[in-house]
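Undergrad: Residue-level listing of the chains:
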Amino acid sequence: MRSAVTAAARTKDERRQVAWAQIDADGWRDWARDLKTHVLTHLDDYLQQAEQSLAANGCKVHWAATGADACDVVVRIAERLSARSVVKAKSMLTEEIGLNGRLEGAGLAVRETDLGEFIIQLLDEPPSHIVGPSLHRSLDDCRRLFHERFGTALDASPETLAATARVVMRDEFLDADLGISGANFLAADTGTVALIENEGNIRISTSIPKVHVALVGIEKLVPRFEDLSGLIQLTARSATGQPIGNYVSLIQGPRRAGERDGPDEVHVVFVDNGRTNLLADPEAWEILRCVRCGACLNTCPVYRQTGGHAYGWAYSGPIGAILAPGLLGLRASMPLPFASSLCGACAEVCPVRIPIPELLVYWRERAAAEGLTPALETATMKIWATLSEHPDAFGVAADAVGALPLDAVGRRLPVVRGWMEERAAPQPSRERFLRTWSRKEEGQ
Amino acid sequence: MSPRNRILGYVRGATASRPRVPHPGRFDGRFLAGDDRPPVDRFVELFLAAGGEVERFADLEDAAQWLYGFAGDFESVTVGATVPGALRPHVPSTCPDLATLGISHALAGVAETGSLVLDSRDGRRTQLLAPTHVVFVRERDIHHTLVGAMVTLKADLPSAVGLHSGPSKSADIGQILVRGVHGPGRIVAAIVGEPGPE
Numbered sequence: 037m038r039s040a041v042t043a044a045a046r047t048k049d050e051r052r053q054v055a056w057a058q059i060d061a062d063g064w065r066d067w068a069r070d071l072k073t074h075v076l077t078h079l080d081d082y083l084q085q086a087e088q089s090l091a092a093n094g095c096k097v098h099w100a101a102t103g104a105d106a107c108d109v110v111v112r113i114a115e116r117l118s119a120r121s122v123v124k125a126k127s128m129l130t131e132e133i134g135l136n137g138r139l140e141g142a143g144l145a146v147r148e149t150d151l152g153e154f155i156i157q158l159l160d161e162p163p164s165h166i167v168g169p170s171l172h173r174s175l176d177d178c179r180r181l182f183h184e185r186f187g188t189a190l191d192a193s194p195e196t197l198a199a200t201a202r203v204v205m206r207d208e209f210l211d212a213d214l215g216i217s218g219a220n221f222l223a224a225d226t227g228t229v230a231l232i233e234n235e236g237n238i239r240i241s242t243s244i245p246k247v248h249v250a251l252v253g254i255e256k257l258v259p260r261f262e263d264l265s266g267l268i269q270l271t272a273r274s275a276t277g278q279p280i281g282n283y284v285s286l287i288q289g290p291r292r293a294g295e296r297d298g299p300d301e302v303h304v305v306f307v308d309n310g311r312t313n314l315l316a317d318p319e320a321w322e323i324l325r326c327v328r329c330g331a332c333l334n335t336c337p338v339y340r341q342t343g344g345h346a347y348g349w350a351y352s353g354p355i356g357a358i359l360a361p362g363l364l365g366l367r368a369s370m371p372l373p374f375a376s377s378l379c380g381a382c383a384e385v386c387p388v389r390i391p392i393p394e395l396l397v398y399w400r401e402r403a404a405a406e407g408l409t410p411a412l413e414t415a416t417m418k419i420w421a422t423l424s425e426h427p428d429a430f431g432v433a434a435d436a437v438g439a440l441p442l443d444a445v446g447r448r449l450p451v452v453r454g455w456m457e458e459r460a461a462p463q464p465s466r467e468r469f470l471r472t473w474s475r476k477e478e479g480q
Numbered sequence: 092m093s094p095r096n097r098i099l100g101y102v103r104g105a106t107a108s109r110p111r112v113p114h115p116g117r118f119d120g121r122f123l124a125g126d127d128r129p130p131v132d133r134f135v136e137l138f139l140a141a142g143g144e145v146e147r148f149a150d151l152e153d154a155a156q157w158l159y160g161f162a163g164d165f166e167s168v169t170v171g172a173t174v175p176g177a178l179r180p181h182v183p184s185t186c187p188d189l190a191t192l193g194i195s196h197a198l199a200g201v202a203e204t205g206s207l208v209l210d211s212r213d214g215r216r217t218q219l220l221a222p223t224h225v226v227f228v229r230e231r232d233i234h235h236t237l238v239g240a241m242v243t244l245k246a247d248l249p250s251a252v253g254l255h256s257g258p259s260k261s262a263d264i265g266q267i268l269v270r271g272v273h274g275p276g277r278i279v280a281a282i283v284g285e286p287g288p289e
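Residue numbers (our numbering), protein chains in the order written: chain A, 37 to 480; chain B, 92 to 289.
This is chain A alone, in the form it adopts within the complex (with noise of 0.2 Å):
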């Protein structure tokens, strides 16, 4: 699984690079900063504006406080209808509040249409990844996973297995009564519903059903409707190296008199979660400029050692440890914050320039302060500390662990052992380095 993981992110990351060569990076990502800085300081009148277009446009807008207020919303919708079938479109906010299992609580088939969904989804596992949640999966576990649901041939082409997968889900688009999504944004000004993606599961499952319900986080919005050219575009470059996704849908609301298909109504409810506490804190708001395209994931060393699951929730990486305080709490987030090594690859190529590792930072401070961290590791941060304000005790702790046979009692050592294995511990020199610099000074 980790050699899956670890091709298929520095395949991504290496696609952004080249999608990224081609256009005035900085300058793109300045602007896409300041826009969404613009937005979340100006949130309650974009919010307020928004409402006010969907409604304009014929869409039924929709508020809820907590993921579950958001659940009991789209269950109403649907008991409402007497619905019994529900097409998503792939979502990281319904996989955030955990909507497929509050809506199959309420007596609802749901089925995820997105391929990579779709394929977690028989497995019953989550998203490992932001925008390619099966990406832990090889084409061996597909191919196994298909010959056992539908009878497939064990050696069976990546393309006989979406054909399949095609014609499994073509009857289902045809007869759900709901089509469910998220929201890459929302224009405020037209009321704009817009979604990226790849296969046209969005497309179809925003379309075909008659009624489509749409999750939005309130840190979607966009002021205008041609902002998006330019969020589009910069999503796609970062996310897969493309000039743009291969479907773009904007939404302005349900079919209209003289159109031949489209759903009759078109719900859009907006969710907070948490994030309105997230754009309180003084430093954490940033976050809120995500577009969850996913780049810092496939560059992130830790990502691609250890793949999405060890983060524990539906965003992982970089950007799900520093998301993870801000929207479950810091206590229920550890020890996420420290799953980084600060080396500041997430920083460089993050479209919307979050500071990611000075967040990480921040998180651990805050975790330190509030007493969140391991014991062991409080107590050496706190003899370090008090070592580094007496020179005379650093000195003899210096020279104690120098005359340690390191490599003797590191072969003896849960963990270190192993990694000894094919290592030696370097023996620290005797003497102090003030003494030595001091000898060369003498000696110049």
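Just so you know, these hints were derived from the structure itself, not from any lab. Small disclaimer: the values here were computed from a predicted structure and weren't measured. Certain hints may be false.
[Unchecked claim] Quick partial rundown of chain A residues pointing at chain B, CB under 10 Å, derived from the structure: (1) Ala-43; (2) Ala-68; (3) His-98; (4) Asp-176; (5) Thr-228; (6) Arg-239; (7) Ser-243; (8) Ala-316.
[Said to hold, decoys possible] Taking lysine-lysine and the DSSO-like style, the derived pairs with C-alpha atoms no more than 27 Å apart in a straight line are: (9) A/Lys-96 - B/Lys-245; (10) A/Lys-96 - A/Lys-246; (11) B/Lys-245 - A/Lys-246.
[To be verified] Anything over 12 Å on all C-beta distances counts as not near chain B; from chain A, calculated: (12) Leu-378; (13) Pro-427; (14) Arg-447.
Just so it is clear, CB atoms sit at the ideal spot from N, CA and C, and this is done for glycine as well.
Let chain A serve as the given structure and place chain B on it in line with the hints.
TA: Frame of chain A, contents of chain B only:
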């Protein structure tokens, strides 16, 4: 208090003391800035690179002649509501979920992204369900930039616009690219020169 007012209240409280940042202005980050070829040339390059097919015609008559031959290989077609009468082949017409060929008329094209701009008034199922999709677009309707196309589009928005920039594709099975997962696996941009279909 309603969830709406509570959320808006929290938002105001969170941002009250924060300096307000101005809007950065219209996005002008052009891909291939300085490339002064006609937009149709760049459109063709990108659309082909994304796996699409391109046919170019001098005029409507030329396009119709090609279509009648092309459509002859298909059992049934579904034709968009705004497709000009001349571009309706003599092949049995059926509902979009059964047709093997979909024919649509694009509102516009976009050079910098290689996109066809599709209008819900033309019919969404026709654009999405058939395995092969032919989209007619007038050469003069191809914009240089996406922002330019969107500013034009904004004056008369239908219930939904779809930007289609190549065949349906996915790499979710073992990171291997496959086509035609949900949408059409084959898409042909049929570009009509002057005078275009009216």
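Undergrad: Report holds or violated for the interface hint on A/His-98, using the least CB-CB distance to chain B and a cut-off of 10 Å.
TA: Hint on A/His-98: holds, closest Cβ of chain B at ~8 Å, below 10 Å.
Undergrad: If you take the shortest Cβ to Cβ gap from A/Ala-316 to chain B, is it below 10 Å?
TA: Hint holds; A/Ala-316 Cβ to chain B Cβ min 4 Å, cut 10 Å.
Undergrad: Under the criterion that the straight-line Cα-Cα distance not exceed 27 Å, is the pair A/Lys-96, B/Lys-245 satisfied?
TA: 21 Å, holds
Undergrad: Mind checking the CB of A/Asp-176 against every CB in chain B and telling me if the closest is under 10 Å?
TA: 8 Å, holds
Undergrad: Would you say A/Leu-378 is clear of chain B, with no C-beta pair closer than or equal to 12 Å?
TA: 27 Å, holds
Undergrad: Decide if the proposed pair is consistent with the structure: A/Lys-96 and A/Lys-246, CA atoms, cutoff 27 Å inclusive.
TA: 14 Å, holds
Undergrad: How about A/Arg-239: closest beta carbon in chain B under 10 Å, or not?
TA: Holds, because the Cβ-Cβ distance from A/Arg-239 to chain B comes to roughly 6 Å (cut-off 10 Å).
Undergrad: Beyond 12 Å on every Cβ pair: is that true for A/Arg-447 relative to chain B?
TA: 40 Å, holds
Undergrad: Test the statement that A/Pro-427 is away from the interface with chain B: the closest C-beta pair must be farther apart than 12 Å.
TA: 43 Å, holds
Undergrad: Just to be careful: measuring from the Cβ of A/Ala-68 to every Cβ in chain B, is the smallest value less than 10 Å?
TA: 9 Å, holds
Undergrad: A/Thr-228 was flagged as interface toward chain B. Is the shortest Cβ-Cβ separation under 10 Å?
TA: With Cβ-Cβ at 8 Å, under 10 Å, it holds.
Undergrad: Is the interface hint satisfied for A/Ser-243? The criterion is a beta-carbon contact with chain B at less than 10 Å.
TA: 4 Å, holds
Checked against the numbered hints above, the structure violates none of them.
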